[in-house]
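Chains A and B, in that order, are what the protein sequence lines are.
The opening residue of the first sequence carries number 6 in the working numbering; numbering runs sequentially from there.
The opening residue of the second sequence carries number 123 in the working numbering; numbering runs sequentially from there.
The hints are simulated quantities; they were obtained by calculation from the structure and are not laboratory data.
Heads up, some of the hints might be wrong.
Once the Cα atoms are required to be at most 20 Å apart in a straight line, the calculated SDA-like pairs of lysine to any residue come out as [as the list claims (entries may be wrong)]: (1) A/K306 to A/R400; (2) B/K187 to A/H266; (3) B/K187 to A/K276; (4) B/K187 to A/D240; (5) B/K187 to B/S173; (6) A/K329 to B/R155; (7) A/K329 to B/K187; (8) A/K276 to A/A407; (9) B/K187 to B/R155; (10) A/K329 to B/P141; (11) B/K187 to A/H242; (12) B/K187 to A/V244; (13) A/K306 to A/P279; (14) B/K187 to A/A236; (15) A/K329 to A/M6; (16) A/K306 to A/H266; (17) B/K187 to A/P279; (18) B/K187 to A/Q346; (19) B/K187 to A/E245.
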Amino acid sequence: MPEFLMPSLGADMTQGTLVEWAVKPGDRVHRGDVVAVVETSKGAIDVEIFSDGIIDQLLVPEGTTVPVGEPLALVRSDGRPEPEAPAAPAEAPVRPVTREPAPEAPAEPAVPVEPSTPAPAAEARGEAAARVRASPAARRRAEELDVDIGKLQGTGPGGAVVIADVEQASGPGPAEEETPNPMGEKPRALTEAPGDIREIIAAAMTRSKREIPHYYLSNWVDLAPANGWLADWNDSHPVEERLIPGVLMIRAVALALERFHEFNGFFRDGKFQPGDGIHVGAAISLRRGGLVAPGLRDANKRSLVELMTAFRGLVARARAGRLKASEMAGGTITVSSLGEQGVEEVYPVIYSPQVAIVGFGTPSERPWVVEGRVEPRWLVRVSLAADHRVSDGHRGALFLEAVTHLLQEPDSL
Amino acid sequence: MNATDLDRVIRDALISVAPDLDVADLEPDEPIRDQADFDSMDTLNFAIALSQALSVDIPEADYAKLASLSECRRYLAERTG
C-alpha cells in the first residue's frame with residue numbers, strides 16, 4: 006500500500022515532528038490537500054499529499070519526531086479495503102511525490118518562521134476541533150476571533166477549513182465597532198525564532214561557498230524603457246493588475262534562460278543536471294530577518310500579470326509564514342533584487358545545488374551617455390554569480406547581456 | 123464612513139500585508155515604509171487591500187499619499203467622501 010512519508014522540506018532537513026494530523030483514517034484525500042502539519046527547525050509547515058486516495062492508517066501519533074523518509078500514513082488508492090498482500094503493480098495511481106529520494110531536493114537557503122505552533126488552538130477546542138481539517142493559519146485566525154473551528158464547514162481543498170471560512174463564521178463583530186481605538190489593537194502575540202532561520206541560512210551558504218567555485222559578472226541596465234512602459238501600464242490598469250519592476254526582471258531572466266541552459270538547473274553527483282523547466286526562485290526577505298526563495302514555476306511561459314499575481318501571493322504568504330510545502334521548493338535559478346531601498350550592486354551567493362543566481366541592485370539616477378550626450382538616467386546594476394564547474398565567463402557575459410537587452414524591450418516581456 | 127471605521131480598514135489592510143506588525147506602535151506622521159519595512163510589493167499589496175475594502179480606485183500616482191497613517195486617513199477620507 007502506498008505510504009505517505011515524512012517529506013524533506015529542504016536539503017538540510019533530517020527529521021521532523023508530526024505536530025498535527027489534518028486527516029483521520031477513512032478520509033478521502035486529493036492531490037494538494039494539506040494532510041499534516043510538520044514542525045521542523047524552520048517552523049511549522051503545512052504538508053500536502055501529492056496523490057488521491059483514502060487514508061488507511063496513521064502510523065505516527067501527533068508529537069512524534071521521525072526521520073525524513075519514514076512512513077507517516079498508509080494511503081489506499083481507492084475506496085476498497087486493501088488486501089494484505091502487496092498492491093498489484095497494475096494498480097498504482099497513487100504516487101506520493103514524497104517517495105522520491107529526499108537528500109538531494111533543491112535546497113532553499115531558508116524558510117519562513119512560522120509564528121506559532123498551531124496545535125494549542127486545536128487542544129483548546131477539544132476533540133471536534135482537533136479532528137477537523139484546517140490550515141494552521143485558519144486555526145490561528147479561529148483562535149483570534151474566538152470561533153469554534155470544529156463547527157465549521159470547510160470550503161478549502163478536500164473540505165479543509167480555510168481563513169475565509171473562519172472569518173465568515175466570525176462575521177462582523179459588533180463589539181469591535183465600538184472599540185474606541187481600533188488602530189490600537191494588537192493583532193496577536195508572536196513568538197520569534199530568528200535563531201532557526203539563521204542556522205538554516207548559515208548551513209546553506211557555508212555549503213555553497215565551500216563547494217561552488219563562483220565567478221561574478223555585472224552590467225549596467227538603462228531602466229528608462231522599462232520604467233516608461235511600467236508607468237503606462239500601471240496608469241491604465243486596476244490596482245490588482247499593476248506590476249512592479251521586480252517582475253519584469255524575473256521575466257527577463259526567465260526568457261534569457263531559454264537560450265542559456267547552462268545557468269538553469271542543478272549541480273549534483275559531480276555533474277550538471279538541467280532544470281525540468283525554468284522555475285525562478287524569488288528571494289524574499291522576511292521582516293524579522295532571514296529570507297526565503299520560493300520558486301515561480303515556468304516563469305518563461307507565463308504572462309507578466311500571471312507572474313505578478315503568483316509573485317504577489319508568494320511574498321504575502323512568505324511574510325505571513327504560511328508558505329506551503331510545495332512552494333518551499335526553490336527554483337532552478339534564483340533572482341535576488343534589493344528593491345528600492347538598498348545599494349548599487351549585489352554579489353549574490355548561489356543557492357546550492359543551483360548553478361547561478363542573478364542579482365539586481367537598487368535603481369539609481371546616474372549620468373549616462375546617450376548618442377554622444379550625457380543624460381541623467383535611472384539605471385540598475387545587474388549581476389550574475391555562476392558555478393564555474395558548469396559555465397564560463399564568456400557565456401555568463403552573453404547571458405547577462407541578453408537579460409539587459411530584454412529589459413530594453415519591455416514589449417517583448 | 124466614520125473615522126473609526128476607516129481606521130479599522132487601514133489597520134486590517136496593514137495586518138494583511140504585515141501580520142506581525144504592531145499597528146499601535148506606528149508613529150502616525152512617520153512613513154509606514156520605514157517603520158514597517160515595506161518594499162514596493164508591500165506597498166502594492168497595501169493599496170490593493172485598501173482599494174478592495176473601500177471599493178475605490180487608488181491610482182499609482184497616489185501611492186505617495188498613503189505614506190503615513192495620517193496621510194492615509196486624510197486621503198482615504200477624501201476618496202470615500
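Outcome of the hint check:
1. Taken as a hint, the A/K306 and A/R400 pair is broken in the structure, with Cα atoms around 23 Å apart against an allowance of 20 Å.
2. Note on B/K187 and A/H266: the hinted pairing is violated, with a Cα-Cα distance of about 44 Å set against a maximum of 20 Å.
3. Of the supplied pair hints, the one linking B/K187 and A/K276 is violated, its CA atoms being roughly 53 Å apart against a limit of 20 Å.
4. Our distance criterion of 20 Å between C-alpha atoms is met by B/K187 and A/D240, whose separation comes to about 16 Å.
5. Taking the CA atoms of B/K187 and B/S173, the gap is near 14 Å; set against the 20 Å cutoff, the hint holds.
6. About 27 Å separates the Cα atoms of A/K329 and B/R155, which puts this hinted pair outside 20 Å; it is violated.
7. For a cut-off of 20 Å, the pair hint linking A/K329 to B/K187 is broken: about 35 Å separates their Cα positions.
8. Between A/K276 and A/A407, the direct Cα distance comes to roughly 25 Å. Violation of the 20 Å bound is thereby established for this hinted pair.
9. Proximity of B/K187 to B/R155 is assessed by CA-CA distance (about 12 Å); at most 20 Å being required, the pair is judged to hold.
10. Between A/K329 and B/P141 the alpha-carbon distance is near 17 Å, which keeps this suggested pair within the 20 Å criterion.
11. Note on B/K187 and A/H242: the hinted pairing holds, with a Cα-Cα distance of about 19 Å set against a maximum of 20 Å.
12. For the hint linking B/K187 to A/V244, the alpha-carbon distance of about 15 Å falls within 20 Å, and the restraint holds.
13. Our distance criterion of 20 Å between C-alpha atoms is met by A/K306 and A/P279, whose separation comes to about 17 Å.
14. Only pairs whose Cα atoms come within 20 Å are accepted, and B/K187 paired with A/A236 is accepted, the gap being roughly 17 Å.
15. For the hint linking A/K329 to A/M6, the alpha-carbon distance of about 26 Å lies beyond 20 Å, and the restraint is violated.
16. Among the hinted pairs, A/K306 with A/H266 is consistent with the structure: their alpha-carbon atoms are about 15 Å apart, no more than 20 Å.
17. Taken as a hint, the B/K187 and A/P279 pair is broken in the structure, with Cα atoms around 47 Å apart against an allowance of 20 Å.
18. As the CA atoms of B/K187 and A/Q346 are separated by approximately 19 Å, the hinted pair is consistent with the 20 Å bound.
19. Between B/K187 and A/E245 the alpha-carbon distance is near 18 Å, which keeps this suggested pair within the 20 Å criterion.
In this structure, the hints that do not hold are numbers 1, 2, 3, 6, 7, 8, 15 and 17, in rising order.
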